[in-house]
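K.L.:
Each chain, written out:
There are 2 protein chains.
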Amino acid sequence: MASWQQYLDDHRTRFLEDYLDLLRIPSISALPEHAQDVRRAAEWVARRLESAGLEGVRVMETGGHPVVYGEWLHAPGKPTVLIYGHFDVQPVDPLELWSSPPFEPSIRDGRVYARGASDNKGNFILAVFAVEALLRGEGQLPLNVKFFLEGQEEIGSPQLPAFIAQHKDLLACDLVISTDGANWAEDQPSLSVGSRGLCALQIDVQGASSDLHSGLYGGTIQNPIHALVRLLDSMRSPDGKILVEGFYDRVAPLSSEEREMLARIPFDEEAYARNLGVPATFGEPGYTTLERAWVRPTLEVNGIWGGFQGEGTKTVLPNEAHAKISCRLVPDQDPEEIIACIKAHVERHVPPGVRVSVHPFPGSARAYVVPPDLPALQVARQVLAEVYGKEPYLIRTGGTVPVLALFLTHLGAHTITVAFGVEDERFHAPDEFFRLANFDRGQRGYVRLLQRLGEEA
Amino acid sequence: MASWQQYLDDHRTRFLEDYLDLLRIPSISALPEHAQDVRRAAEWVARRLESAGLEGVRVMETGGHPVVYGEWLHAPGKPTVLIYGHFDVQPVDPLELWSSPPFEPSIRDGRVYARGASDNKGNFILAVFAVEALLRGEGQLPLNVKFFLEGQEEIGSPQLPAFIAQHKDLLACDLVISTDGANWAEDQPSLSVGSRGLCALQIDVQGASSDLHSGLYGGTIQNPIHALVRLLDSMRSPDGKILVEGFYDRVAPLSSEEREMLARIPFDEEAYARNLGVPATFGEPGYTTLERAWVRPTLEVNGIWGGFQGEGTKTVLPNEAHAKISCRLVPDQDPEEIIACIKAHVERHVPPGVRVSVHPFPGSARAYVVPPDLPALQVARQVLAEVYGKEPYLIRTGGTVPVLALFLTHLGAHTITVAFGVEDERFHAPDEFFRLANFDRGQRGYVRLLQRLGEEA
Numbered sequence: 001m002a003s004w005q006q007y008l009d010d011h012r013t014r015f016l017e018d019y020l021d022l023l024r025i026p027s028i029s030a031l032p033e034h035a036q037d038v039r040r041a042a043e044w045v046a047r048r049l050e051s052a053g054l055e056g057v058r059v060m061e062t063g064g065h066p067v068v069y070g071e072w073l074h075a076p077g078k079p080t081v082l083i084y085g086h087f088d089v090q091p092v093d094p095l096e097l098w099s100s101p102p103f104e105p106s107i108r109d110g111r112v113y114a115r116g117a118s119d120n121k122g123n124f125i126l127a128v129f130a131v132e133a134l135l136r137g138e139g140q141l142p143l144n145v146k147f148f149l150e151g152q153e154e155i156g157s158p159q160l161p162a163f164i165a166q167h168k169d170l171l172a173c174d175l176v177i178s179t180d181g182a183n184w185a186e187d188q189p190s191l192s193v194g195s196r197g198l199c200a201l202q203i204d205v206q207g208a209s210s211d212l213h214s215g216l217y218g219g220t221i222q223n224p225i226h227a228l229v230r231l232l233d234s235m236r237s238p239d240g241k242i243l244v245e246g247f248y249d250r251v252a253p254l255s256s257e258e259r260e261m262l263a264r265i266p267f268d269e270e271a272y273a274r275n276l277g278v279p280a281t282f283g284e285p286g287y288t289t290l291e292r293a294w295v296r297p298t299l300e301v302n303g304i305w306g307g308f309q310g311e312g313t314k315t316v317l318p319n320e321a322h323a324k325i326s327c328r329l330v331p332d333q334d335p336e337e338i339i340a341c342i343k344a345h346v347e348r349h350v351p352p353g354v355r356v357s358v359h360p361f362p363g364s365a366r367a368y369v370v371p372p373d374l375p376a377l378q379v380a381r382q383v384l385a386e387v388y389g390k391e392p393y394l395i396r397t398g399g400t401v402p403v404l405a406l407f408l409t410h411l412g413a414h415t416i417t418v419a420f421g422v423e424d425e426r427f428h429a430p431d432e433f434f435r436l437a438n439f440d441r442g443q444r445g446y447v448r449l450l451q452r453l454g455e456e457a
Numbered sequence: 001m002a003s004w005q006q007y008l009d010d011h012r013t014r015f016l017e018d019y020l021d022l023l024r025i026p027s028i029s030a031l032p033e034h035a036q037d038v039r040r041a042a043e044w045v046a047r048r049l050e051s052a053g054l055e056g057v058r059v060m061e062t063g064g065h066p067v068v069y070g071e072w073l074h075a076p077g078k079p080t081v082l083i084y085g086h087f088d089v090q091p092v093d094p095l096e097l098w099s100s101p102p103f104e105p106s107i108r109d110g111r112v113y114a115r116g117a118s119d120n121k122g123n124f125i126l127a128v129f130a131v132e133a134l135l136r137g138e139g140q141l142p143l144n145v146k147f148f149l150e151g152q153e154e155i156g157s158p159q160l161p162a163f164i165a166q167h168k169d170l171l172a173c174d175l176v177i178s179t180d181g182a183n184w185a186e187d188q189p190s191l192s193v194g195s196r197g198l199c200a201l202q203i204d205v206q207g208a209s210s211d212l213h214s215g216l217y218g219g220t221i222q223n224p225i226h227a228l229v230r231l232l233d234s235m236r237s238p239d240g241k242i243l244v245e246g247f248y249d250r251v252a253p254l255s256s257e258e259r260e261m262l263a264r265i266p267f268d269e270e271a272y273a274r275n276l277g278v279p280a281t282f283g284e285p286g287y288t289t290l291e292r293a294w295v296r297p298t299l300e301v302n303g304i305w306g307g308f309q310g311e312g313t314k315t316v317l318p319n320e321a322h323a324k325i326s327c328r329l330v331p332d333q334d335p336e337e338i339i340a341c342i343k344a345h346v347e348r349h350v351p352p353g354v355r356v357s358v359h360p361f362p363g364s365a366r367a368y369v370v371p372p373d374l375p376a377l378q379v380a381r382q383v384l385a386e387v388y389g390k391e392p393y394l395i396r397t398g399g400t401v402p403v404l405a406l407f408l409t410h411l412g413a414h415t416i417t418v419a420f421g422v423e424d425e426r427f428h429a430p431d432e433f434f435r436l437a438n439f440d441r442g443q444r445g446y447v448r449l450l451q452r453l454g455e456e457a
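Residue numbers (UniProt numbering), protein chains in the order written: chain W, 1 to 457; chain E, 1 to 457.
Source of the hints: derived by calculation from the structure; they are not laboratory data.
Any given hint could be a false lead.
In this list, chains with the same sequence are indistinguishable; a pair is considered to hold if it fits within one copy or across any two.
Simulated crosslink set (SDA-like; lysine to any residue; CA at most 20 angstroms straight-line) [said to hold, decoys possible]: (1) Lys241 - His349; (2) Lys314 - Pro91; (3) Lys78 - Phe439; (4) Lys314 - Pro94; (5) Lys78 - Arg250; (6) Lys314 - Pro335; (7) Lys314 - Gly363; (8) Lys241 - Pro352; (9) Lys78 - Glu270; (10) Lys314 - Ile265; (11) Lys390 - Phe439.
Only a predicted model underlies this, so the values are computations on that prediction, with no experimental measurement involved.
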């Protein structure tokens, strides 16, 4: 048996205790009253990196929640990987839906129930254990490793762009391994090779200078809600195609290989709709549900309001109406260009009798795609196939992971996301859990990943 | 000089004091903390009717705010008129926009500023003074008179339908004179010969069983806001015509006489838009703004909501969306039938992927029109022409006056609305006022109206 495997076996109980300890810290980044807990988690993580044998370990300030850095750089001629993860967690509301307290980890039926059990404490900590097993068991790492763990991922990492830009040298690397992901199913590994971009804006429609009596004025001037409804309806065909001029112009066409790869992923349309509680799936014609979720752009109204929302009826002719819109973008759409398209569409379609303005929100992000020929991607596929006994699906996420574009922009490094949790482990929801079967598999997986990446170089 | 005119002249100061006294009572029917003030106003009015010489005066319970009744029935062979008005007033918010306290009447430049100065205390009280002048000055009235003054008009008279139905004998009359109206301009009298009906409903669109992440699910299922927007947009053409099937089916066509009468009323389109703060008027093609306001039906969205309404952006795919709609109806539209039309339209146009339900609200009302050949209408025209030196415009109101249909249904009596305030006297708004020039003219006007109605019979 390899020394690292022996080390993992010997220290299994201690590692599990460490993991549960970390889960006990309520490091909820969204709630100001938990700011000290986020910092406590940072300090815990820093101590744990040190005890694993990492060097130069430090808790660093960002202006918001801190980050933790640690390194081992004694493999000259070998590549450097930056291991990314986050030690902050989502809020726990509604608390009454938890079967056990979210920050008192409970082991039931081979699962650890706690907030952060899977997202992301349960994933990044396995990489720490893997590094410790290699360092203590083998006496060295097969390549250079930097850990970069943050405490504000669940609130959108507001201070991270500036921090990464200011610490390019410290964070410099050849590849990023993100531990912030999940596998397709309990026995089916997957690798996410792309995430969608994002842009968002608000549309404000202004009618009369004040709310008016719908009896006295109704029928004589434009109703801002009708105008907004008209405008929003003009942006999408009834069957779900976006009609904003130029919206699809730069969308990279889907290759037949990509379509085939997506088609290979088993997907139960009926179960999907049933689980969400909708009568049927719906969306842009000509694409499968997975294609629409992962590789096609969207324009969704996130919120709408205007006039009277109380109980019963109020015969008001409201004087304003508002909508918030966000778009999920795919390669090669440019967020600023899409906002300009929507603005131009709105200007071309302003209904008579009202004034309309468009206000973009900050926080735009481009889509990110792992280059299909990235050697590390092949390595990750092989490692997952080895530890699961099954080829991973190459999937995408429909969500946006801005940090991936940040690493590429500032560090020039691509990211592979390798994690050992599973999609169904109730991230952000009550009774979040992590399967203990993957506790061991994940440690072995990260060891093998680092070893194979070291061999490849 | 007629004895009644002498009486009015002799008691002018006292009558003005009485009017100001009534204005001092903050009888806001909408606010529970003013319920006792509404009752105080009822008692004040009852005492005032008694001192004017009316008999059988009583404050009567409705289950909500009380009504006041008083009568003089000593003109055998003459018709009986029921004089209607209300002693409750609108709330006064925003208080800071008042130049003087709303319940401390202030006389400036020949105007009385106070909440209720015009709507409706300043109008019905003139009819009380007129009756006193006739009774005390002439010793009798030219016909039988009943006063029926209510305290819940500003909250939609919720208990009035049942009250009127239960007191048909007490309220029995040949004609109702409503004092709850206003004239076109300071020197231009008008008679409202019609008001629009009303029906209202709510549309609820249900998508998934909970809010979803717009990145993970966006593009794969119907967005309830998009679905609602589609549905609402399908109900109205971009130029303002209602597209709900059957909506216009029963609308009584506008006669060329009616159109000519409306066309004779001077109307400044630009000033109208400017005063409301809109870039232009808007509405159903083929009709003038006044026609659209008075004799054409409307379908207006009174409120809409769904998803995120806070600051900034939240990339949620909301799971429900709602809209409130009300329609102003014209002869011969039936409120229940219009609700059925909208329901059927919604059912025919339910967008895929969501569930939609329609919930009608109570409080429907038919439109009301004074029969053009009603003798009392001609009398009122002549009296207004006499006291103003100018023919009144025959106008309508776009609003709904449910009490008019109630009087017709339960008492079999039509209503003429004769008032001496002016449209521009800021009803329901800060700095409501009443022109003192009309204080005298109104008393004379009501005297002449009662006299002429007595002669006609």
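K.L.:
Should Lys314 paired with Pro335 be assigned to within, between, both, or neither, using CA atoms and 20 angstroms as the limit?
P.N.:
between (40 angstroms within a copy, 17 angstroms between copies)
K.L.:
What label fits Lys390 with Phe439 when the C-alpha limit is 20 angstroms: within, between, both, or neither?
P.N.:
Cα proximity of Lys390 and Phe439: one copy only (18 angstroms, versus 93 angstroms across).
K.L.:
Between the shortest in-copy and the shortest cross-copy C-alpha distance, which are at most 20 angstroms for Lys314 and Pro91: within, between, both, or neither?
P.N.:
Answer is between; shortest inter-copy Cα gap is 15 angstroms, intra-copy 37 angstroms.
K.L.:
One pair to classify: Lys78 and Glu270, alpha carbons no more than 20 angstroms apart. Within, between, both, or neither?
P.N.:
neither (48 angstroms within a copy, 77 angstroms between copies)
K.L.:
Up to 20 angstroms between alpha-carbons, please classify Lys78 paired with Arg250: within, between, both or neither.
P.N.:
Neither: 38 angstroms inside a copy, 84 angstroms across copies.
K.L.:
Could you figure out if Lys314 and Pro94 sit no more than 20 angstroms apart (CA to CA) within one copy, between two copies, both or neither?
P.N.:
Between copies only: 19 angstroms across chains, 33 angstroms inside a chain, cut-off 20 angstroms.
K.L.:
Indicate which option fits the pair Lys241, His349 if close means a Cα-Cα distance not exceeding 20 angstroms: within, between, both or neither.
P.N.:
both (17 angstroms within a copy, 18 angstroms between copies)
K.L.:
What label fits Lys241 with Pro352 when the C-alpha limit is 20 angstroms: within, between, both, or neither?
P.N.:
Result: close only across copies, 14 angstroms inter versus 25 angstroms intra.
K.L.:
At most 20 angstroms between C-alpha atoms: does Lys314 with Gly363 qualify within a copy, between copies, both, or neither?
P.N.:
Cα proximity of Lys314 and Gly363: across copies only (11 angstroms, versus 37 angstroms in one copy).
K.L.:
Is it within, between, both, or neither for Lys314 and Ile265, if the alpha carbons may be no more than 20 angstroms apart?
P.N.:
Classified as neither; 51 angstroms inside a copy, 30 angstroms across copies.
K.L.:
20 angstroms Cα cut-off: does Lys78 pair with Phe439 within a copy, between copies, both or neither?
P.N.:
Cα proximity of Lys78 and Phe439: none, with 28 angstroms in one copy and 99 angstroms across.
This entry does not satisfy hints 3, 5, 9 and 10, going by the numbered hints stated previously.
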